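Undergrad: Chain residues, written in single-letter form:
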Amino acid sequence: MVTFIVSQFKIVVRVVILFSILTGIIYPFVITGIAQLLFPWRSNGSMITHQGKPIGSLLIGQYFTQDKYFWGRPSATSRFPYDSEYSSGSNLALTNPLQIQHVKTQVDHWKASNPEQNGLIPMDLVTASASGLDPEISPAGAYYQVSRIAKARKLSETEVNNLIQRLRKKRTFLIFGEPRINVFELNLLLEHLNSKTE
Amino acid sequence: MAVKSRSLWDKKIFRIALRDAFLKLSPLNQIRNPVMFTVYIASLMTSWLFLRAITGRAEAPPDFILLISLWLWFTLLFANFAEAMAEGRGKAQAQELRKSRHEVTAKKLSKPSRDAKITKVMSEELRIGDFVLVEAGDIIPCDGEIIEGIVSVNESAVTGESAPVIRESGGDRSAVTGGTLVISDWLIMRITADPGHTFLDKMISLVEGAKRQKTPNELALTILLSGLTIVFLLVCSTMVAFSFYSVSANGSGQVISLTVVIALFVCLAPTTIGGLLSAIGIAGMDRMIQANVIAQSGRAVEAAGDIDTLILDKTGTITLGNRQATEFVPAENITVEALADAAQLSSLADETPEGRSIVILAKEKYGLRGRNISSIGATFIPFTAQTRMSGANLPGRQIRKGAAEAIESYINEQGGTFPLYVKSIVDSIASRGGTPLVVAEGNKVLGVICLKDIVKGGIAERFSELRKMGIRTIMVTGDNPKTAAAIAAEARVDDFLANATPENKLVLIRRLQSEGRLVAMTGDGTNDAPALAQADVAVAMNTGTQAAKEAGNLVDLDSNPTKLIEVVEIGKQLLMTRGALTTFSIANDIAKYFAILPAAFASTYPSLNALNIMHLSTERNAILSAVIFNALIIVFLIPLALKGVKYHRVSASKLLRNNVLIYGFGGLVIPFLGIKLIDLVLFSIGLN
Amino acid sequence: MKALDCVQIIFYLTVVLALVKPLGWYMARVYEGQSCGLDYFLGPLERFIYRCCGVSSTEQMSWKKYLSALLLSNLFGILALYTLQRLQIYLPLNPQSFQNISSNLAFNTAVSFTTNTNWQAYSGESSLSYLTQMLGMTVQNFLSAATGMSLLAALIRGIVRFDTDRLGNFWMDLTRSILYILLPLSIILSIALASQGVIQNFKPYQSASLIDPIVLENKTVTTQKIPMGPVASQVAIKQLGSNGGGYFNVNSAHPFENPTPLSNFLEIIAILLIPASLCYTFGVMVGDKRQGWAILLAMLMLFLPLAGISLYSENQSHAEYTQLGIESSGSLEGKETRIGISNSAFWSAATTATSNGSVNSMHDSFTPLGTFVPILLMHFGEVIFGGVGSGLYGMLMMIIIAVFVAGLLVGRTPEYLGKKIEPYEMKMATVAVLVMPLTVLISTAVSVIYSEGVHAVGNPGAHGFSEILYAWSSMGNNNGSSMAGLNANNPFYTTMGGIIMLIGRYWIAIPALAIAGSLVKKKKIPTSAGTLLTHTPLFMFLLVSVMFILGALSFFPALALGPIVEQLNLWGFHGR
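Residue numbers (the numbering used here), protein chains in the order written: chain C, 142 to 339; chain X, 39 to 726; chain H, 235 to 810.
Since the hints were made in silico from the structure, they are not lab data. Keep in mind it's a predicted model, so treat the numbers as computed, not measured. A hint or two may mislead.
List time: in silico PhoX-like cross-link candidates among lysine-lysine, alpha-carbon distance up to 25 Å [what the hints assert, rightly or not]:
{"hint": "1", "chain 1": "X", "residue 1": "K692", "chain 2": "H", "residue 2": "K758"}
{"hint": "2", "chain 1": "X", "residue 1": "K129", "chain 2": "X", "residue 2": "K50"}
{"hint": "3", "chain 1": "H", "residue 1": "K661", "chain 2": "H", "residue 2": "K755"}
{"hint": "4", "chain 1": "C", "residue 1": "K310", "chain 2": "H", "residue 2": "K236"}
{"hint": "5", "chain 1": "X", "residue 1": "K681", "chain 2": "X", "residue 2": "K692"}
{"hint": "6", "chain 1": "C", "residue 1": "K209", "chain 2": "H", "residue 2": "K459"}
{"hint": "7", "chain 1": "X", "residue 1": "K692", "chain 2": "H", "residue 2": "K298"}
{"hint": "8", "chain 1": "X", "residue 1": "K252", "chain 2": "H", "residue 2": "K757"}
{"hint": "9", "chain 1": "X", "residue 1": "K506", "chain 2": "H", "residue 2": "K757"}
{"hint": "10", "chain 1": "H", "residue 1": "K298", "chain 2": "C", "residue 2": "K151"}
{"hint": "11", "chain 1": "X", "residue 1": "K482", "chain 2": "X", "residue 2": "K403"}
Selected chain H positions facing chain X (in silico; Cβ < 8 Å) [said to hold, decoys possible]:
{"hint": "12", "residue": "I503"}
{"hint": "13", "residue": "I635"}
{"hint": "14", "residue": "P657"}
{"hint": "15", "residue": "T664"}
{"hint": "16", "residue": "P671"}
{"hint": "17", "residue": "I683"}
{"hint": "18", "residue": "P694"}
{"hint": "19", "residue": "K757"}
{"hint": "20", "residue": "L767"}
{"hint": "21", "residue": "L772"}
{"hint": "22", "residue": "V799"}
Cβ atoms here follow ideal geometry from the backbone N, Cα and C, with glycine treated the same way.
Looking at chain C on its own, in the form it has when it is part of the complex (with noise of 0.2 Å):
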């Protein structure tokens, strides 16, 4: 058994720098070179340039506080929000006292930054994301900052309308995921609306 296990000692070393050399090093590799070449956009980051300079990524939200924005959910990343070096989520319980004081602070946020609405206010923009960097928000939290923008941007509702209209996406498929609408994506646009109407 003792030279046994010697002799494995041998075959051990080997197995693992292999294995190490072809899972770790020529797997990402040859992934990251049929990525590159199919999905250069996409394995890069959905980023976004203007004026060759990357403004943020499609996927990785921003944190937007003008009026004249739309603003996308609360987020609990530690430094500050949507601080894409740290995501994270708040783990705040539903039993947590800390967490009901949240949620209402930012229900009288939402409330206060946006008087024309008194109808319920939808679930995502009061509660903070998983990731602390989510993307998106719901066509009706989106909706229901359509009067704020329009009046801060002088433009009628019915263009904010039809731009959420534009980049509202359906479920995949029909079927899979959530419908949803991403606000980085809305605020580029409503800034080429604004840019255009100027």
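Place chains X and H on chain C using the hints.
TA: Same frame as chain C, now just chains X and H:
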């Protein structure tokens, strides 16, 4: 051993068991059963907690601790009582066996001869290899083998059967058992067992359960139960930490008391099966003894439940002992009456069973009354090895009967011819499994008597039940393959071995075992010994030779070859009883959780009372009810443990379904009812 | 819960079940050493590996040899991963110049990945270099998964073979698992994921200038640093190999790990695929496919109702929210918009039924019942699907105990697939099954009274208790998911966690292999009417009961003080 069926609650046994239950509280005895040992520790701990409580350091109300402590002790006592009851039944039997093991004076011979010098010695002083003379009226001093003589022996001391049996030197009936009584004639025997190691001694120690070793399955079960006990021990001890955290996190209530933790532990630990486990094992051996079978070890009893192939001797087991005449088939131009008449005449004085059956057939079928052989002037010609015929000589008539070849040569000698037609009858009878016996008068063949093995009534049904249980039957016979096949078909055995010899019997067993089968067989002769030793379960007939008895792992005192089937069932019953009580015991835990958990944490989390689905009256009563139920259920299950779960001859799947339904679901539901009932009683007598 | 949610879940299950047969059959061919279609391409590579490593393809190992090879390879894996983390600053492919990992955390992570647990007390995007992620995490994802699958193959051979002591060759099983099963599937999945937007590059983190800068109290944030890296290749094997260790801190909730509903679908399928298919592989290898289907059905018997409870509970609206004027049907706290409530709930059940442990939502923010389901699923011992290989060999331990009880109930020495179950097997199966409750209970108990254990808690009351219970259930069962409010990056949790993960892995693996070694020597008993059938609904029911009693029952008090009481309080029970 006079085996009476003992009532379950024999008063005397009951009294002794009651006393033993207390004696068994010694730690030395308790430590042998790991599950119950933890209960033992738990009882000691609660007693200590009670003592602390009454000296002013109460962690819970003293009366509550006292009640819990008392019921834990009861739990132990009940388990001890169950074991004592099982042992008591064995002990009572051993007592009777001992009566027959009195010290006797033996006539020791200097050499194995009737006229050798006799020295009188006490039976205790006899050693293997000594020669002893035993005469009518003497008690056989020790186990041994007859070297010379033929005697009738009363073996009721061992078998409970008082009809004397014949024992003779040589052959398969040469073994005698110490403690039995010689009724007639004399014998010279060689001692084959030292005192203290005789068959009777072995029986006594087996019955008493003194040398009971754990069987493999029992061992495996003990491992599982010990594992569960350890887990539940941890479940309960970690609860203290959990409760501590919950109290500080929630800011209300008290940390769960040690008494409650101990109570929960004893309820969760598999005490029901743990407490009854040894009783079940002892009771299993006891049931074998009730069936007049002595198991050399508990392992043999268990193995009996596992066997899947039975090897049975044809004669005596599958068929009635002897062939019988079933039909007269006349030759051409002969009436059947004439044949019957001749056949009867030739057999009137024939005292063999075959001969008698011919007379009976002639009488029943053709109304021929028995005649006195001398009054008709007949002389009987007995069967000899040379002629291979028997018959009768009457004035003017010479009637012979015998095997076809013998009669053919006889007819040829007489100048007659053996008709082809008769030959074809002979062949057709043989092919149907019968034995043809040709009858001739003078040089004329009258016809053929068909002798047949009669398959025992109901045996085919029994085999089909065995098949349902998954047990194959193989018939072993010295007959030729043709005859064997016919009988095998009639008895509906699964397979047969014809032209059997001890050697090919052994080969058969080895072949079956190499296929992974577990083989059981019965045997009595010395030449059976190798096969018996090879078989997984071997039942030796008590009438058999010493060699056979040594080779077998079970000895059937009734010497009944069909006993094997009963043995299998007892083996299965033993395992099933363990399985049933294990299932029941573990299924009980769910109800106990629902009784104790809400009560244990109520002070911290009142909302947990939603789990109090039995609506038990108070927290104390809830815990107490569970503990009391846990103790009482042992008592209620003692009869089941001792009698065993009823075994039905059905397939494994059906059996499993029934038992899961009864003991699984029963085990789930009964404690809910029982605990609620006890709670109602406690509440109504105001123990809250 | 919307009808469409049900359609999605049913569709997931249908796809998995449809793949079980072809993949199960294929894997059986791989472990039986028969041609399986890919040998034309991979055969030369396989032989090259054997030649390079000095593996003799004719050598068959006894269980002790198989075990020592297995343990040796894992030990070496732990050392390699530990070293890599401790030296990453000196090694290439570290564009963010991440510092070396502390010794406690490196030990915890090394054990975590080699035991297929993938418990993560670190945050990937802010502490590990690309090289560590690839050469460390990705490699161990392959090796630990292949280890589990190899052990299963050895155990199955123990049942199938007789009158020998040879269980196969560990190095060949390991190589074939990776080469023929894990690698091809990972390549397919990682490309599919990349098409959805999962990143795969070696660029340094990208700085994006914000169009709406964030004004904080003392400064203004104008850029967002977007992490990069070879993610798709690692996510693919993490899901397929039931590893679950995310590239990023929030695992598959991160938009770069799981960007679309379609990627979510693919990853859910990947979680369940191999563990479910191995049941069929088992059936094929033992020569009775019904046995495999029976095990799979028994798993589903527990999985489906529990997943149902989770879906139901997460979709309930909460009075606390509706009172505030929120349109509430369930909470989206800790859930992503694109994934939604039902997909988060179903994933939480799938990832804990298997010992995957990846998350697409934050379990800590689930309803109490929603946390109860994952914890309970882990308490079954990670045998409902379980880890790749490890789930089924764990399940076989449960089956041995179920067969034993059933055997007693029908009055026959128990046997499974023709092999007698005797005291030795029972001893080993008991150890394998009972060690988990012991480690989880003890470590939870220590944590709830030890100050470092208690201070790590992120939520008050019973929920905090659930966090600790979840953590140890996860580590003790080699799952790896967590209620992330618990701050487990402290010496107490990392050190003790490492030890618990080691016990949780090897105290089941070693007895399982010992049983294989004992069974393989036995004769095969032919079946008869007296044989207990192990593919019937009745036996499946009995098996489920045994799992319930051995797993869930031991944790009833703990569950009562955690999620159960929390839920009862939420429902407004107030006792008498």
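Undergrad: Hints first: check each against the structure and report whether it holds.
TA: Do the hints match the structure? See the list:
no.	hint	verdict
1	K692/X - K758/H	24 Å, holds
2	K129/X - K50/X	11 Å, holds
3	K661/H - K755/H	17 Å, holds
4	K310/C - K236/H	18 Å, holds
5	K681/X - K692/X	21 Å, holds
6	K209/C - K459/H	24 Å, holds
7	K692/X - K298/H	40 Å, violated
8	K252/X - K757/H	24 Å, holds
9	K506/X - K757/H	23 Å, holds
10	K298/H - K151/C	18 Å, holds
11	K482/X - K403/X	24 Å, holds
12	I503	36 Å, violated
13	I635	7 Å, holds
14	P657	4 Å, holds
15	T664	4 Å, holds
16	P671	5 Å, holds
17	I683	5 Å, holds
18	P694	7 Å, holds
19	K757	4 Å, holds
20	L767	6 Å, holds
21	L772	6 Å, holds
22	V799	5 Å, holds
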